[in-house]
Amino acid sequence: MRSLISILDFTNDELDQLIATAKDIIANPEKYWDCCKHKKLATLFFEPSTRTRLSFEAAMIELGGSVIGFSQASSSSASKGESMADTAKILSCYVDIMAIRHPREGAPYVASRNASVPVINAGDGGHNHPTQTLADLLTISREMGRLDDMTIGLCGDLKYGRTVHSLIEAMSRHTGIKFVLISPAELALPDYVIQNTLEKHHIPYEVTTSLEDALPHLDVLYMTRIQQERFDDVEEYNRLKDSYVLNTEKMKLAKEKMCVLHPLPRVNEISVAVDDDPRAAYFRQALNGKYMRMALILKLLEEAKDPEKEAIRTDGLVYDRICTNPKCICQVEQELRHTARVSEDGVLRCIYCEQKV
Amino acid sequence: MRSLISILDFTNDELDQLIATAKDIIANPEKYWDCCKHKKLATLFFEPSTRTRLSFEAAMIELGGSVIGFSQASSSSASKGESMADTAKILSCYVDIMAIRHPREGAPYVASRNASVPVINAGDGGHNHPTQTLADLLTISREMGRLDDMTIGLCGDLKYGRTVHSLIEAMSRHTGIKFVLISPAELALPDYVIQNTLEKHHIPYEVTTSLEDALPHLDVLYMTRIQQERFDDVEEYNRLKDSYVLNTEKMKLAKEKMCVLHPLPRVNEISVAVDDDPRAAYFRQALNGKYMRMALILKLLEEAKDPEKEAIRTDGLVYDRICTNPKCICQVEQELRHTARVSEDGVLRCIYCEQKV
Amino acid sequence: MRSLISILDFTNDELDQLIATAKDIIANPEKYWDCCKHKKLATLFFEPSTRTRLSFEAAMIELGGSVIGFSQASSSSASKGESMADTAKILSCYVDIMAIRHPREGAPYVASRNASVPVINAGDGGHNHPTQTLADLLTISREMGRLDDMTIGLCGDLKYGRTVHSLIEAMSRHTGIKFVLISPAELALPDYVIQNTLEKHHIPYEVTTSLEDALPHLDVLYMTRIQQERFDDVEEYNRLKDSYVLNTEKMKLAKEKMCVLHPLPRVNEISVAVDDDPRAAYFRQALNGKYMRMALILKLLEEAKDPEKEAIRTDGLVYDRICTNPKCICQVEQELRHTARVSEDGVLRCIYCEQKV
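Residue numbers (our numbering), protein chains in the order written: chain E, 197 to 553; chain H, 197 to 553; chain X, 197 to 553.
The list cannot tell twin chains apart, which means a pair is met if one copy fits it or any two copies do.
Derived BS3-like pairs: lysine-lysine, alpha-carbon spacing no greater than 30 Å straight-line:
{"hint": "1", "residue 1": "Lys396", "residue 2": "Lys374"}
{"hint": "2", "residue 1": "Lys355", "residue 2": "Lys552"}
{"hint": "3", "residue 1": "Lys355", "residue 2": "Lys285"}
{"hint": "4", "residue 1": "Lys285", "residue 2": "Lys448"}
Bear in mind the hints are in silico, worked out from the structure with no lab data behind them.
Bound-form chain E, shown alone (with noise of 0.2 Å):
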């Protein structure tokens, strides 16, 4: 059974055909209306995300199917203490497909090896959220006709920013790529996403504090948010914040031909002002989530008729090297045995939340 765990679960290939399916929906939507009629989607939120739940669930009434779910835990049987495997099983018995948004690390992976329907990760902890990386995919491609050759800029957390990091992984297997790195120094690009990702592929990249300075070089400028939480030092959060706000003054400086993203939701980091200008593409960014979920829905759904396709991959596993990371759910799980596997970068990692062991 196929998922959606990680966005590099998917070849460039497939990203393409996804895209491509997806302009197919946007330029004939009524072709799609009864694809998946009879078809149930289970909308599993053990946190809340609206937006994100929403576009799945637009997506799935779309394609003709329905939903079924919850929209945080409280609401849920987890509550009572019931394990995620528990849960993917029985939820296998009422719906076709499961999208999975969950505070711990790999909770929709144990899902995905669980369930005897795809599952797709609407985003786990601070890990990873794939259709997010889907939506910024086909922005891109929309807003500036390519995927190759540009200048990708990337503003505020990058630290923290898992969006970040999958946009690094996808953009990175297309040619012609620079990305710009624009953070203070708290809040850098760490070395493993440095070394595995952008050393790995020899993709160029400029580290800066200046958004000033990097915004008339960038094809793509990706905002996120600077968040209080993350600085030691509150003055020097206050001194830092405003010089990470995108704001009409600063848009001068950009190129005429250039597009803003942001995975929203936003607070202050991108100036309502800016909304009117052209190149401000976040809430079309929204909008192709949409799209790019209802490609991956179609996409998981035909691949599930053949269940045999991308078994669980069991080479390699290594038993009981135990994961300290807090947030991984193996922490929690019942009788999930801690489980490893020597990564691409010849580092053995936790197979649910893919930290050092």
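Keeping the supplied structure of chain E fixed, place chains H and X upon it in accordance with the hints.
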């Protein structure tokens, strides 16, 4: 884009058309089964209101459409600080029409200025609740066979009861209407409603503290709840509360042809024993609410086909006159400029909450 | 109007018909795809129960119907003090059938007396949960090929486990049934169940504290959870708990042809390793629950076409004998007259919670 924020957004003719549509739906429900096929309604309830939310959802489903949404703010992105404007823009990517309930006055209006689909105000704090008034109008029309020439008693909390104020506004446009205002002095109808609506339209009205005295003269009795919180003096509340409870004894004083309305939920202001009285129309009123919401959804979706219609009024705006209403959306919404306009009564009012600035 | 409040509301023939319908749905699902077109189910969950709620919702959708509702009391009008009776009357305006979960015993019964559509009890406190019993019956029938002539072991909390009591009631109507009651003394089956059901129907039963001793003789093993809260003495709990955990070691003692049921969610009373045993039927039981709910919805909607059928029983009522059960709906429902009736065992019982008055 046409929205429904206040009952005054519709002309009398438009209200009559909505009533006619609702009656046709009641007579021929199957005619409407596919009217909203492939259409989606979002029910965005930032505070719980089961009855209103389920009424909207039932309405949309009976028109063949689908529903997505949330039932309280804690499961929404608002808890992450997303603005009403951004929520409206994003939801416009997912649905064809939205119904918004919000504790802040003016929030649905802000949404309607940012959405690219019609917005229905499903209650904004103590401000407006126009679909309740639609239910009231259809109920009076169906129970009495007319909307003209009648005496309407309004009983209970006339000070804070927004449904009472809206009903007065809507019925004051009809001929031969007389109101009897039945309440303790503490909860009397505010002066501005008397001046701006009753006196302006030369509508006769009586003021009384006695439900018994008023009852024999009424064609319609509109009951509301008296809440203990409204009283400074608990003893005063205890002394008064029973005289505003409708029971079978008091019903004997009423005309044989009369109808009792209540916006529901009730607590104990109408005795359960009254439910069996054929004049008790409040549960039929709930049913009528569903039919009027169906008619409303149809009307707004029809008008949305011509998006030029009813552009947002931009005449007469006065900027940066500060609204001090602590419950107004303008106190919290990101980068929302305080804006006012001279209203019909010659007073400069906030365009969001309609309070004097 | 016919409702399902207790499993005893249905005759054995009716239960057999439901099982037959469920099996036909399993064999020919597409035959039922449009059975509930234009019908709506309300899932009114005044306390969370994801599995039960989603099972009902999946059931209605697979019949071609739609669902509205809420998943916890805080998003309902009940938090504003609305009575169960009023909620039932209003929801009757919106839907064709409703499933109610409520922490108060008797609440769904109150709803059924006030609704104008069928009501399904989806669990009322520790009182009844008849659709779980429907799932149990179909599971035993499918796993064993019969409902007669078998030894059924009931293990764990037999004192408070309402699903255990209902299963005993339902299976006691069949021939050749023997029960083995496996529990610590603290959680033994209550005397009234033994007297009113087992002894009344001359059903043989054994009592034991040892799961190991019982296992070799069982055709069906029904597991339930032992909760620490039930014990006065924590040490006693710790001493006992492991002996009621089903693991692969204990499974070796069981017959080759046996089935293990559990109402789920489990915490740790069945080891995850048992899931792979072909005799582990508890996830298939969850699937069966969906099919039985489909059969039930079909039956009640069919009977609702003849509203005269099964009027509310008004014979033998005794008024104003006070029910003192603190969990009974009659303790909180507005203007609900305390009412009792002499039950089959000759005891005067509250008609809502069935406790002695």
